[in-house]
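Engineer: Read off the chains here:
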Amino acid sequence: MKRQLPLMIVLVLGIAFTVQFFIPSRASEVTYQTALQWWLVMSSFAMVLALGSLVNHHVLKIKRRKEHWAFSWVTLAGLLVMGALGIMGGPSVGLRWANAAYNQLFLFVQAPMDSAMFAILAFYMASASYRAFRARSKEATVLLIAGFVVMLGIIPFGAMLWRRIPDISEWIMMVPNMASKRGILLGIGLGSTATALKIILGIERSWLGGSGK
Amino acid sequence: MKFFQKLSQIDRRWIYLLVALAVIVPLMARMGLPDAPGKYSLQLFDAVDRIPPRSQPVLISADYSPSMMPELHPMFMAMARHCLARKVRLMVMTLDPTGAGLAENGLRQITDEINARAGSAADSAVYGRDYVFLGYKPGTAIVMMSIGENIRQAYPADAYGTPLDSLPMMRDVRNYADIPLVNCIAGSAVLNYWIVYAGARYRARVGGGSTAVSSADYYPFLQSGQMVGLLNGMKGASDYEFLNQQRGYSSAPRVAGKGMDAVSIVHLLIMGFIVLGNVGYFVTKKSAQQKAGEE
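Read top to bottom, the protein sequences are chains A and B. Residues 1 to 213 in my numbering are what the first sequence lists, from first letter to last. Residues 1001 to 1295 in my numbering are what the second sequence lists, from first letter to last.
Please note that a few of the clues may not be correct.
What the hints assert, rightly or not - Here are the computed lysine to any residue pairs in the SDA-like style, where the Cα-Cα straight-line distance is at most 20 Å:
id, chain 1, residue 1, chain 2, residue 2
1, B, K1006, A, S129
2, B, K1039, A, A132
3, A, K181, B, K1006
4, B, K1039, A, K138
5, A, K138, B, V1283
6, A, K181, B, V1283
7, B, K1006, A, V142
8, A, K181, B, V1213
9, B, K1039, A, A140
10, B, K1039, A, S129
11, B, K1285, A, M178
12, B, K1039, A, N177
13, A, K181, B, P1220
14, B, K1286, A, N177
Unchecked claim - Partial list, derived from the structure: chain A residues whose beta carbon lies under 8 Å from chain B:
id, residue
15, W39
16, L51
17, L54
18, V109
19, P156
Said to hold, decoys possible - If you want the footprint, here are the derived chain B segments under chain A, 3+ residues with CB under 8 Å:
id, segment
20, 1043-1056
21, 1114-1121
22, 1286-1294
It is worth saying that the hints were derived from the structure and are not from the lab. Ideal Cβ positions, reconstructed from N, Cα and C, are used throughout, including at glycine.
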């Protein structure tokens, strides 16, 4: 029953809302709107689940003194402080000092840390392009030349070198790039439809947890 | 030969140092490289430019986190400046929890600038009349579909708890039919969802901005007309800032313009490294082949 009930709900709702899409009646619209409201509420529960999972993971790490367990205290403290300030500064409580503190912490602690982590990529990319971007085969050479032209086309130096470089760069993006992207998109579309059907019909059950058998 | 071997074995710390210099120097001293707005940046700018002032509002969904801020936040700022300078009403929302803080602060900065310059109440940017901030809502695709039915389903109130019907500019806004343009600024696949749900399902006009690394994903949608325009990374943001200044909508310092100088130099540097690496690779390969032949 523990597995059959969710499978039944997915089967019934999956078929019902596929059919609903093709029925342009008032009742069908109202049903869809009501369902949307339910889904909105349910998607908020994902946050609660994520929060529980995060706290659980770090509390266990601290309890068992796993590697780098001290950093878990930082995570939990950050979660507690930002969460508390966010609630106290939000519209329901409305404490101005809490809102200001939340904004300061967000803008001057979280934002720079997040940006700095992402910025490190530039260094790795430069180093990796030097070490790995080699014309070892015909395919790699084509990729190298295309990458070179696209990079030049984006920056002003490209047009300064030769005014047609931005046009060639755009042609690469609009023709060969798009041909491959379309193929990938069609593949994703067909794959998503097949997976959705397998889930609705109960063939794919890994989302229930366990091995999926 | 030793020189070419060394050329293909440069210590990574030198590379890091050169990259750091290539980023820092152009940011400290504006190089003023020439601007040539791209086709899709221009299309998006023109789409916003054609919306009549004080009519139906444009929606900007600031779906990015601080990690993507250098590329994407200038896009948001430029687009919001453009709308508010033209008196095009603006709704701002986000589907990223960290995007709320960035968008709210950005809006505050722009409206403070406009209000400091305003000579009369009509010239000011007034909350509820000219712009609203809806805040963050979890659910991504569900939120997009809810807006397609009735925006009040997703956002019964704005980010400050004020019911939407109490805000003058929101009274006549029900769904995408009342929103002439939906702009998503995102560094993830959220823009895809906007195209699929708001665009394909509810016939909304969708435009947006993405990081340079993911912009290639959106070219099929530009060609098919499912997107009205696209800002491609730092270049797209810089294009929008340039167009804002060229048409007289903004005199604010060009953050992405400056960033584009650094990006240009780093691109050149990376291209230089690729050339060096390949020269070293081919010369050492040739010498290894010659040695093998002699033996």
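Engineer: With a Cβ-Cβ cutoff of 8 Å, does the segment 1286-1294 of chain B contain at least three residues near chain A?
Structural biologist: Our answer is that it is violated, as 0 residues pass the Cβ test (under 8 Å) against chain A, missing three.
Engineer: Assess, step by step, whether the Cα of K1039 of chain B is no farther than 20 Å from the Cα of S129 of chain A, and give holds or violated.
Structural biologist: violated, 29 Å
Engineer: Does V142 of chain A sit within 20 Å of K1006 of chain B, going by the straight-line distance between their CA atoms?
Structural biologist: violated, 26 Å
Engineer: Would you check whether L54 of chain A satisfies its interface hint, that is, whether its CB is within less than 8 Å of any CB in chain B?
Structural biologist: The hint is violated - L54 of chain A has no Cβ within 8 Å of chain B, the shortest such distance being about 13 Å.
Engineer: Is the hinted pair K1039 of chain B and A132 of chain A satisfied, with a Cα-Cα distance of at most 20 Å?
Structural biologist: Violated: K1039 of chain B and A132 of chain A sit about 33 Å apart, past 20 Å.
Engineer: Given the hint that K1286 of chain B pairs with N177 of chain A, test it: the Cα-Cα distance must not exceed 20 Å.
Structural biologist: The hint is violated at about 33 Å.
Engineer: Between K1039 of chain B and K138 of chain A, is the straight-line Cα distance small enough, at 20 Å or below?
Structural biologist: Violated, because 32 Å separates the two Cα atoms, which is more than 20 Å.
Engineer: Would you mind confirming whether the straight-line C-alpha gap from K1039 of chain B to N177 of chain A stays at or under 20 Å?
Structural biologist: Judged against 20 Å, a Cα distance of about 17 Å means the pair holds.
Engineer: What's the verdict on K181 of chain A and V1213 of chain B, does the C-alpha distance respect the 20 Å limit or exceed it?
Structural biologist: The hint holds at about 14 Å.
Engineer: Per the CB criterion, is W39 of chain A less than 8 Å away from chain B?
Structural biologist: Where the cut-off is 8 Å and the nearest Cβ of chain B is about 4 Å from W39 of chain A, the hint holds.
Engineer: Has the given pair, K181 of chain A with K1006 of chain B, been kept, meaning a C-alpha gap of at most 20 Å?
Structural biologist: violated, 39 Å
Engineer: Counting residues of the segment 1043-1056 of chain B whose CB is closer than 8 Å to a CB in chain A, do you get three or more?
Structural biologist: violated (count 0)
When each numbered hint is compared with the structure, violations occur for hints 2, 3, 4, 6, 7, 9, 10, 11, 14, 16, 17, 18, 20, 21, 22.
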